[in-house]
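Colleague: Sequences listed follow chains A and B, in order.
Reminder that position 3 of the first sequence reads as 3 in the numbering used here, one-by-one numbering, no gaps.
Reminder that position 209 of the second sequence reads as 1209 in the numbering used here, one-by-one numbering, no gaps.
Since the hints were made in silico from the structure, they are not lab data.
A few of these clues could be false.
Computed cross-link-like contacts, EDC-like style, restricted to lysine to aspartate or glutamate with a CA-CA straight-line distance of at most 16 Å [said to hold, decoys possible]: (1) B:Lys1157 x B:Asp1019; (2) A:Lys320 x A:Glu302; (3) A:Lys74 x B:Asp1252; (4) A:Lys74 x B:Asp1250; (5) B:Lys1074 x A:Glu302; (6) B:Lys1074 x A:Asp250.
Computed from a prediction, not measured in an experiment: that's the story for all the values here.
Residue strings, one per chain:
2 protein chains.
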Amino acid sequence: MRDVAVIGVGATKFGQLWDNGLQDLATSAINLSLNDARISRDSVQSLYVGSMSGGLFSSQEHLGSLFADWAGLKNVPATRVEGACASGGLALRQAYIDVASGMHDVVVVVGAEKMTDISGAAVTRALSTAASYENEAVFGATFPGLYAMIARMHMEKFGTTEEQMALVAVKNHQNALSNPYAQFHRQITMEDVLRSTKLADPIKLLDASPISDGAAALILVSKDYAQKNSVEPVWIAGSGCATDTISLHDRDDMLTLKATVLAAKQAYQQAGVGPGDVQIAEVHDCFTIAELLAIEDLGFVEKGKSGPFVQAGNTDITGKIPINVSGGLKAKGHPIGATGVMQAVEIVSILSGRTKGKCINAEIGLTHNIGGSGGTAVVHIFKK
Amino acid sequence: MRDVAVIGVGATKFGQLWDNGLQDLATSAINLSLNDARISRDSVQSLYVGSMSGGLFSSQEHLGSLFADWAGLKNVPATRVEGACASGGLALRQAYIDVASGMHDVVVVVGAEKMTDISGAAVTRALSTAASYENEAVFGATFPGLYAMIARMHMEKFGTTEEQMALVAVKNHQNALSNPYAQFHRQITMEDVLRSTKLADPIKLLDASPISDGAAALILVSKDYAQKNSVEPVWIAGSGCATDTISLHDRDDMLTLKATVLAAKQAYQQAGVGPGDVQIAEVHDCFTIAELLAIEDLGFVEKGKSGPFVQAGNTDITGKIPINVSGGLKAKGHPIGATGVMQAVEIVSILSGRTKGKCINAEIGLTHNIGGSGGTAVVHIFKK
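Construct all of the structure, not just a fragment, from the sequences and the given hints.
Modeller: Laid out in structure tokens, this is it:
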């Protein structure tokens, strides 16, 4: 397999973007990434799209052809990839495999979702298609409910507190203040979180990521291309992916996302690093409890110890392993298909020094993207 | 890139399958393909799923995790791929790239769609998401309407007749008689087609492929694996993919599917063959006019000459280049995501001699899968 580099990143702001349709968002992100990489659209050889449900959110499937058309990537092969909330991470992975295979030298990945054009009830229904329809959704299970069961069990078994979960939200809102792409620029306190409306006890409104519109894009190239064009690349050092039972109740252990553990193992092995080498990570905090699970399952802290670990400031921007300095899904926003790509945009920006405002020097970063309640996990490791 | 072989095929019957849900269909096809390849499910390293709209047809996205779970492919990376009606062909292509890259040695591809659980109106709406929502679907354009415009123009420009189109349906229904997987086992006459209900003049009911349930699967392996395990493989000699404007009205020439031309060119080039070398082909006959376009755009006959070519029997099972000996989408059925995979199941079965009933000796076969009105095209060439 050939080495693969990221040489361009681009994204729209995340939020309720009334002025932009799905294809406008995707096109904007693609254009920004092409400009960032300083390459023309004619040099693009293939397109990958990460999107969860164009059908249910936007009455629009066939997003590969649509986005290639709108972005002027004339006649390139285009493939839309879906794995619920891990769609963006999976699209990045397919683009990585494409370049690594030798099939193409210059590939664009775009993740996009436009969620705010339909009613809240329709959004909840659309999101529920990430769970098993026959065994979960049809009985009324929603993702706040599923993650609430995980959170309750984590509290029972490990003594994790609602305050510790709330601190994840407080930190991520704090981090989002300096991220111009973030949906929320609002500092919140632990009390704000604890007093917010209960969605599914113990998960409250401010423990949950929002409904968002947005898009993010990356330009991936082969080593040869990067060297010939003297660009300063960030390397994709490892790509891991695994699945687990789609339904929570089928798992031996509800408190370990096995898909995360296995995907991380593959990525670490390929990159030749361990969790201790990772200097910065964007993890999938669809709910605050999900960030706690992630930092355990990725190996940053022992299983069950994430609550005190976060409380001690280890995951703050100045801590041992800064987590979600972008604001995470919680505060940056979570336009489903865009999320996994945006995580990579953030890590690549930091490793390459594109984010001048942030005083972080890191050479190894990680992204972690989850589908459903852990049915799919995708982990990538990036090196300067 | 490494050589890639197909060593197993499997499929469900196509039709209105009331007793089976989406995941039952996919699991059946996967199991049959594993049995055919004589490998255990533990040896599978990765899964690709082709499906157009689990969300709109089955209230179910996240099909990679779901199918891996149901088929007992424990924890494998699983990726769902979508490109409207070309979803199956795209999934095959991603699996091909995966094995060719060196990432995995044993990969399963499954295409599946369950279309008959929702109302006819809901199916029409779901299918319309393969066109541009903003520029076609929202104005009431449906695929019979879009292909009718192509057919009318083909008639005007090249003198193609409704009788010639009808002959495609007659041939494909005849071919389906010997295909146990086919939705229809009913001989039809040219008069039946010409007298059938008009959908969008000149396209009539019997010019159109049906609404179907079904699934098909393939086992792809690396050359090393095939040789070590002494299996008799069929090789994927070429894989091509291209896009075009998603909307028909944006094209310079409505009578040439440029995506087909470009995808075929890539596949021919990679395989080192030309259209004249292809001995058998499964092409995308969502409507009879689509088969005529395909045999022109794939280079089997000059542009505009497909009507007389078909009329002279050249595409019959005993003709110069047998087309859709399976019955095609028209008579075998068209469960969207399954179609592109089922085409490969048919060609691999013929090249390898699995279809003992059919007196066809061929060493080079081609599959051609289209999304929308030609927004995406995928072409594969197989060699014995």
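Colleague: It remains to establish, for every hint, whether it holds in the given structure.
Modeller: Quick rundown of the hints versus the structure:
1. For the given pair, B:Lys1157 sits about 47 Å from B:Asp1019 by alpha-carbon distance, which is inconsistent with the 16 Å threshold.
2. Taking the CA atoms of A:Lys320 and A:Glu302, the gap is about 15 Å. The hint holds against a cut of 16 Å.
3. Between the alpha carbons of A:Lys74 and B:Asp1252 the distance comes to roughly 13 Å, so the proposed pair stays at or under 16 Å and holds.
4. Distance restraint check for A:Lys74 and B:Asp1250: the Cα-Cα separation of roughly 12 Å lies within the 16 Å cut-off, and the hinted pair is therefore satisfied.
5. Restraint check for B:Lys1074 and A:Glu302: not satisfied, since their Cα atoms lie roughly 25 Å apart, outside the 16 Å limit.
6. Restraint check for B:Lys1074 and A:Asp250: the C-alpha separation of about 12 Å stays at or below 16 Å, so the hint holds.
When each numbered hint is compared with the structure, violations occur for hints 1, 5.
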